[in-house]
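Below, each chain spelled out in residue letters.
There are 2 protein chains.
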Amino acid sequence: MKPLILITNDDGYDAKGIGVLTRVARQFGDVVVMAPSCNASGLAHSFTSARPLRVRCINEEPGCVVYACDGTPVDCVKVAVEHFCHQRPQLLLSGINHGSNASINVLYSGTMGAVIEAAVMGIDAIGFSILDHSADADFEPSVPWIRTIIADVLDNGLPDEVSLNVNFPIPADGVIKGMKLCRQSHARWADSYEKRIDPQGRPYFWLTGRFECDDKNEGTDQWALENGFVSIVPIKADHTDFQSLDTLEKRFR
Amino acid sequence: MKPLILITNDDGYDAKGIGVLTRVARQFGDVVVMAPSCNASGLAHSFTSARPLRVRCINEEPGCVVYACDGTPVDCVKVAVEHFCHQRPQLLLSGINHGSNASINVLYSGTMGAVIEAAVMGIDAIGFSILDHSADADFEPSVPWIRTIIADVLDNGLPDEVSLNVNFPIPADGVIKGMKLCRQSHARWADSYEKRIDPQGRPYFWLTGRFECDDKNEGTDQWALENGFVSIVPIKADHTDFQSLDTLEKRFR
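If you read the sequences in order, they're chains A and B.
Numbering of the first sequence is given in this note's numbering, commencing with residue 4 and proceeding in unit increments.
Numbering of the second sequence is given in this note's numbering, commencing with residue 4 and proceeding in unit increments.
Just chain A, with the same shape it has in the complex (with noise of 0.2 Å):
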């Protein structure tokens, strides 16, 4: 039998990405792709439960069926597993994210909400991003290794509840060096809101940000990206700090 692979993003199911995604995931198995019905950025982990969703069938042909879900993409992992997919799949892929989701960013990215929420699910799951957020991004270059890595976890599997954060460098000189299994940088992003005044002479506030970071030893993410290396980390669901369990003990009791 086939591995059914599910895949989603949080670009939206017509985003550039995802169509690369799928057409690679398609030479290992069949495919269904739940992916929002439109732009779901900076969502997280988020889900709905307030209200109902919407599923709408997009495409259908043979080996791969694409739907639209109106709700975020932790939500089009658990309808599509449950409802739209006809034997459990046996790996969840999640991108090609427009933009970098290394380091910080894997806090806030609906990319790698879907791919944790997968694995709490018990399922193997991958966030691929690419380190360039417009909308006609070159993944070309970045394909042979979504292949190498997708080919290595259908064959070996992954540690339970363990994800892969992949990230895809822009290398000035067009080549990507090889892949690196990383830690995830620490930093964070200098926000800031813009205060603008509306035309009925009421503030609001709108965010910008940068990001900064200095944690770019060798072994992070960040060095991988930058020095022309894939970054891969891997990810945990359970967020305790073993680290201060034993100090802070002492206090709370």
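Any given hint could be a false lead.
Just so you know, same-sequence chains aren't split out, so a pair can sit in one copy or run between any two.
Below, in silico cross-link-like pairs of lysine to aspartate or glutamate (EDC-like), each with a Cα-Cα straight-line distance of 16 Å or less [unchecked claim]: (1) K198 to E85; (2) K180 to E229; (3) K253 to D155; (4) K180 to D158; (5) K180 to E64; (6) K5 to D158; (7) K239 to D249; (8) K219 to E229; (9) K5 to D135; (10) K239 to D163; (11) K253 to D176; (12) K5 to D33; (13) K253 to D158.
Hints listed in this document are in silico derivations from the structure and should not be mistaken for laboratory results.
Let chain A serve as the given structure and place chain B on it in line with the hints.
Leaving out everything else, chain B in the frame of chain A:
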């Protein structure tokens, strides 16, 4: 100078829980409340950038100003720190949430999204939740524990980028036995979507969920809560699974 304490939640500025938390926090310093203008549960770490935010002043008195914001809990933290705090907050408190944020719920929780965001910004942060979803939940048994935890964190701080996820049990005998520093229980929501048909004959899918947890050893937050203890889990923003870095490194290079 009095410390400034910033408060948010995901149940909305007018929920009972945030009122209790504000009352307790005022014993320690000046308070700014910036909370969602309506229920924002399940929004996790999501933020708003496609549209601007609006902020409305609900109440202002010496030592305590309350604002409502039409964004997510993470938005509330970001915009409050930049535009609505007269000094940098020494502490961010989120809650008291109506309902558990223990175990896997930390992934979905807007309450905890705000906490993790503050920690990344370098502000000590604590999320408080009680295992009672009802709008009129009785928060009084938890108040002395909240006071103890706030006093400790104001005095001694928290490790860098580490925040606290605090949950309060509802013991059958009404007596909370003590506090336990815990790790996050591994669990999942066994979600199911009810498929219904609308008056026009079209299907829609509405989420229902059942919490499933087999990981209740001593040392987990679920164990603490089921045995009448306050659970305190130190939470980190770094999602790297360091355990699998070495084993996976051999596969991806």
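Intra- versus inter-copy proximity for D135 and K5 (alpha-carbon distance at most 16 Å):
neither (33 Å within a copy, 45 Å between copies)
State whether the alpha carbon distance between K253 and D158 is at most 16 Å within one copy, between copies, both, or neither.
Close across copies (15 Å), not inside one copy (45 Å); limit 16 Å.
State whether the alpha carbon distance between K198 and E85 is at most 16 Å within one copy, between copies, both, or neither.
between (44 Å within a copy, 11 Å between copies)
Taking 16 Å as the upper bound on the Cα-Cα distance, should K180 and E64 be classified as within, between, both, or neither?
neither (36 Å within a copy, 60 Å between copies)
Identical-chain pair category, K253 with D155, by Cα at 16 Å:
Between. Shortest inter-copy distance 11 Å satisfies the 16 Å Cα cut-off; intra-copy 44 Å does not.
Intra/inter-copy verdict for K239 and D249 if alpha-carbon distance must be at most 16 Å
Classified as between: cross-chain Cα gap 15 Å, same-chain 21 Å, threshold 16 Å.
For the identical chains here, do K253 and D176 meet the 16 Å Cα criterion within one copy, between copies, both, or neither?
neither (53 Å within a copy, 27 Å between copies)
Are the CA atoms of K180 and D158 at most 16 Å apart within a copy, between copies, both, or neither?
Neither way: K180 and D158 sit 24 Å apart in one copy and 49 Å across, limit 16 Å.
For the identical chains here, do K239 and D163 meet the 16 Å Cα criterion within one copy, between copies, both, or neither?
within (9 Å within a copy, 20 Å between copies)
K219 and E229: within-copy, between-copy, both or neither at 16 Å Cα:
within (9 Å within a copy, 43 Å between copies)
Status of D33 relative to K5 across identical chains (alpha carbons, at most 16 Å)
Within one copy only: 7 Å inside, 62 Å across.
Cα distance capped at 16 Å. Does K180 pair with E229 within a copy, between copies, both, or neither?
So K180 and E229 pass the 16 Å test inside one copy only (11 Å; across, 52 Å).
The structure does not agree with the numbered hints 4, 5, 9 and 11 stated previously, though it agrees with the rest.
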